[in-house]
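Model the full assembly from the supplied sequences, consistent with the hints where possible.
Those protein sequences? They're chains P and E, same order as listed.
All residue numbers for the first sequence refer to my numbering, where the first residue is 1 and numbers rise by one.
All residue numbers for the second sequence refer to my numbering, where the first residue is 1 and numbers rise by one.
It is possible that part of the hints are untrue.
Rough simulated footprint, nothing fancy, chain P against chain E, three-plus residues with beta-carbon under 8 Å [as the list claims (entries may be wrong)]:
1) 8-19
2) 53-63
3) 76-85
Straight-line distance between alpha carbons at most 27 Å, and here's what the computed DSS-like set of lysine-lysine pairs gives [what the hints assert, rightly or not]:
4) E:K70 x P:K61
5) E:K70 x E:K15
6) E:K70 x E:K23
7) E:K35 x E:K23
8) P:K61 x E:K23
9) E:K15 x P:K61
None of these hints come from the bench; they were simulated from the model.
Just so you know, even glycine gets a beta-carbon here, dropped at the ideal spot from N, CA and C.
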Amino acid sequence: MQLARVIGDVVATRKDDSLTGVTLLVLQPIANDGSDVGRTLIAADTVGAGVGEIVFFVRGKEASFPFYPPEVPVDAGVVGIVDHWHVG
Amino acid sequence: MILARVVGTVVATRKDPRLVSNKLLVVRGIDPRGKAEGNYLVAVDTVDAGVGETVLVVSGSSARLASGMKDCPVDAAIVGIIDTVDLPD
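So this is what it looks like as structure tokens:
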């Protein structure tokens with residue numbers, strides 16, 4: 001998993017049927033100090049995250065597991081909202 | 001997933017039988033503000049997208065979860081056509 005900041009959301013009317021009702025967020029991955037690192041990506045939201053929050057997300061087919069048993073075509077998914085983190 | 005813009009089409013006569021009758025498009029990754037970044041990809045189209053549209057592309061084994069792609073040899077699929085990208089900042 002990786003830390004990211006939610007910076008936006010996207011709207012798509014025409015999409016795969018199984019994506020109906022799934023919130024799609026724009027994520028900016030961040031480093032330990034909170035600075036931006038790497039490219040933005042689109043992730044499915046399963047925890048009710050919103051713009052401005054720090055979250056962690058999973059990549060790959062595992063991102064579809066929170067929707068199981070339906071198999072939803074997503075390769076990135078927000079699976080937690082970070083309250084705080086500490087790097088020693 | 002990534003945002004991408006459809007920039008072209010691909011025609012292949014000789015191909016894996018499981019790809020027959022699937023539309024293949026060339027897409028280029030873009031950032032949320034629409035600026036091109038990253039590589040060109042060939043992606044299978046499951047939502048009837050067209051050249052010039054902004055689309056949502058799912059990569060890796062998840063591409064096989066797109067509608068009609070079960071057990072097909074694909075690693076990138078277009079699963080949505082983007083209407084708007086909202087970036088509050």
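Hints and how they fare:
1. 8-19: violated (count 0)
2. 53-63: holds (count 7)
3. 76-85: With 8 residues close enough to chain P, the hint holds.
4. E:K70 x P:K61: holds (14 Å)
5. E:K70 x E:K15: Since the Cα atoms of E:K70 and E:K15 sit roughly 17 Å apart, the hinted pair holds (cutoff 27 Å).
6. E:K70 x E:K23: Holds, because 15 Å separates the two Cα atoms, which is no more than 27 Å.
7. E:K35 x E:K23: Roughly 25 Å separates the two Cα atoms, so the pair holds.
8. P:K61 x E:K23: With Cα atoms ~23 Å apart, P:K61 and E:K23 stay inside 27 Å; holds.
9. E:K15 x P:K61: Cα-Cα ~25 Å, so holds.
The earlier numbered hint that this structure contradicts is number 1, and it is the only one.
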